[in-house]
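Enquirer: Residue strings, one per chain:
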Amino acid sequence: MAGTRPRVAIVGAGPAGAFAAACLLRARGDAEIDLFERLPTPWGLLRAGVAPDHQEIKRLELTFEKQTLGRGCRFFGNVEVGVDVTHAELMEHYTAVIYATGAQTDKSLGIPGEDLPGSRPATEFVAWYNGHPDYRGLEFDLSARRAVVIGNGNVAADVTRILTLSERELGRTDIADHALDALRASAIEEVVVLGRRGPAQAAFTSSELRELGRLDGVEIRVDPVEIELDPVSDTWLAEQGTFTARTNVELLREFAARPARADAGRRITLRFLRSPVEIRGHGGVEAIDVRRNEIVRGEDGVLRARPVDAPIETIECGLVLRSVGYQAVPLPNVPFDERHFILPNREGRVLTPDGEPLRGVYAVGWIKRGPTGILGTNKRDAEQTVSCLVADLKACALTQPVRSEPIDALLAARTPDLVTEKGWRAIDGVELDRGAREERPRVKLTSREELLEVAAGDPAGAGGGR
Amino acid sequence: MTYVIAGSCIKDDACLEVCPVDCIHPQLGAPDFETAEQLYIDPEVCIDCDACVEACPVDAIFADFELPPKFAYALDVNARFFAEAGTAERTAA
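Quick note, the sequences are listed as chains A and B, same order.
Numbering-wise, my numbering puts 465 at position 465 of the first sequence, and it's gapless, one number per residue.
Numbering-wise, my numbering puts 62 at position 62 of the second sequence, and it's gapless, one number per residue.
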């Protein structure tokens with residue numbers, strides 16, 4: 001391979017793909033990198049996952065722009081690998097392919113009534129309010145007074161905040177216009193958040209938990225009895241608890257001690273040691289039945305929730321959002337680990353069913369390690385994958401692509417609506433302009449048609465109002 | 001004074017690389033690096049050099065006297081991270 005520039009395709013332009021591209025360019029400045037993305041827009045969950053009221057985090061896109069597109073990395077948007085272009089075709093055109101496709105679906109609860117209208121994965125609600133084009137057509141019934149959020153992680157905290165933030169605060173964000181309109185008309189007065197385990201095991205970061213207690217015009221309620229630590233959790237917290245877990249317990253005690261507020265228009269109620277057993281209703285969600293749990297230490301030392309023999313409690317509600325984790329989906333013609341929902345890999349080298357490295361195929365991000373960690377976790381993850389790729393290049397373990405020409409002609413034939421960096425710049429420009437007119441950071445284009453029209457430089461798309 | 005990391009930290013490690021006095025923790029490879037929800041600045045060690053502020057891709061680091069009200073809590077949280085048992089030992093090590 002001496003004297004030849006390595007050509008690398010990265011599939012998925014989310015944070016993991018972007019970190020991988022940036023890291024590879026730092027390690028191998030001669031690499032020619034193409035970022036493939038199913039959507040017309042880059043940066044994945046930074047755009048479609050991170051909550052709209054967390055604009056500071058979205059500044060990471062400037063770093064991604066600078067370190068990838070700004071250094072010659074090409075963007076190929078609106079291309080679905082496995083549909084528009086096959087894995088085999090990528091392998092014919094590239095020295096290596098890095099999969100960074102993330103985890104695109106959600107885990108289910110496996111309880112009766114889960115599929116009733118009004119019961120949805122929180123991830124769909126997130127995609128909807130963030131203007132993901134595949135989810136803009138969803139409708140969430142916000143006409144009942146109470147919503148229930150199942151789960152104790154940061155996605156649960158995000159959706160709880162979005163359901164309770166004031167119109168004024170939402171109106172200052174880049175939340176999708178269709179979501180802003182729906183939330184303005186929302187009748188929801190209370191969001192009940194159910195945690196399966198206790199306060200010491202809640203997966204919220206302290207930062208997200210603290211925010212729930214500081215929302216304008218929103219009361220936070222925690223029953224002091226539900227956050228009393230059982231002996232097992234108390235010992236765990238003292239001996240093994242993280243700084244976050246200790247801070248969370250302190251925050252919850254402070255919330256529980258707050259006097260009731262009559263002036264608050266909305267309320268967040270955090271419940272602990274409660275698991276949903278059934279979602280009930282005729283033609284739509286009307287109530288959720290929950291059972292009480294206790295914390296026990298398993299033989300492996302892990303603290304788990306165990307059902308207690310106690311009466312089932314019924315909570316009336318019109319919306320249930322379950323937030324119990326993301327899950328990856330298999331990719332056509334690439335090995336998949338059906339047990340762990342990842343690409344089978346060793347430090348980022350994708351493995352064949354025999355456990356041998358599949359030459360030239362790598363993974364990074366959630367499709368490599370599962371849906372864990374925060375944004376920055378992907379940076380270290382990318383460094384590991386890229387170091388394997390760079391070592392393989394150095395050891396001449398990769399073969400040159402059979403096709404000497406770049407993939408451009410094939411792509412042009414397959415994807416007439418291909419969105420390149422120029423198209424993305426047009427989308428970005430229109431969104432920022434519209435945002436500036438409304439004193440918002442950005443007003444997103446949310447339909448694929450509109451995004452593609454603007455990317456293609458069609459004035460009808462650019463000039464079209466909301 | 002000291003610099004302070006707010007809760008909007010995404011654990012990008014750019015600040016760790018540029019800090020001349022290694023006052024940002026947990027450090028890469030430390031046992032609590034993976035479980036930490038964010039990075040913290042040790043106010044006793046920080047020399048107010050500004051390098052981390054420049055490096056942070058999400059502008060999560062502030063001088064204590066410039067902390068926006070929404071992140072006012074962060075001054076105490078950063079200090080407390082180092083005051084707690086175990087953390088101090090690790091920092092000294």
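Note that these hints are calculated values from the structure, not bench results.
These numbers come from a predicted model, not from an experiment.
Check each hint, because a few of them may be wrong.
Taking CB as the label site, the calculated pair distances span [said to hold, decoys possible]:
| no. | chain 1 | residue 1 | chain 2 | residue 2 | range |
| --- | --- | --- | --- | --- | --- |
| 1 | B | R80 | A | G284 | 40 to 48 Å |
| 2 | B | D76 | A | P441 | 48 to 56 Å |
| 3 | B | P20 | A | A27 | 22 to 30 Å |
| 4 | A | A409 | B | E66 | 27 to 35 Å |
| 5 | B | A55 | A | E32 | 53 to 61 Å |
Note that CB positions come from ideal geometry on N, CA and C, so glycine has one too.
Enquirer: All the hints need checking, so say for each whether the structure fits it.
Expert: The hints, checked one at a time:
1. R80/B x G284/A: 40 to 48 Å: holds (46 Å)
2. D76/B x P441/A: 48 to 56 Å: This hint is violated: roughly 29 Å between Cβ atoms.
3. P20/B x A27/A: 22 to 30 Å: About 25 Å separates the Cβ atoms of P20/B and A27/A, which means 22 to 30 Å holds.
4. A409/A x E66/B: 27 to 35 Å: violated (53 Å)
5. A55/B x E32/A: 53 to 61 Å: violated (28 Å)
This entry does not satisfy hints 2, 4, 5, going by the numbered hints stated previously.
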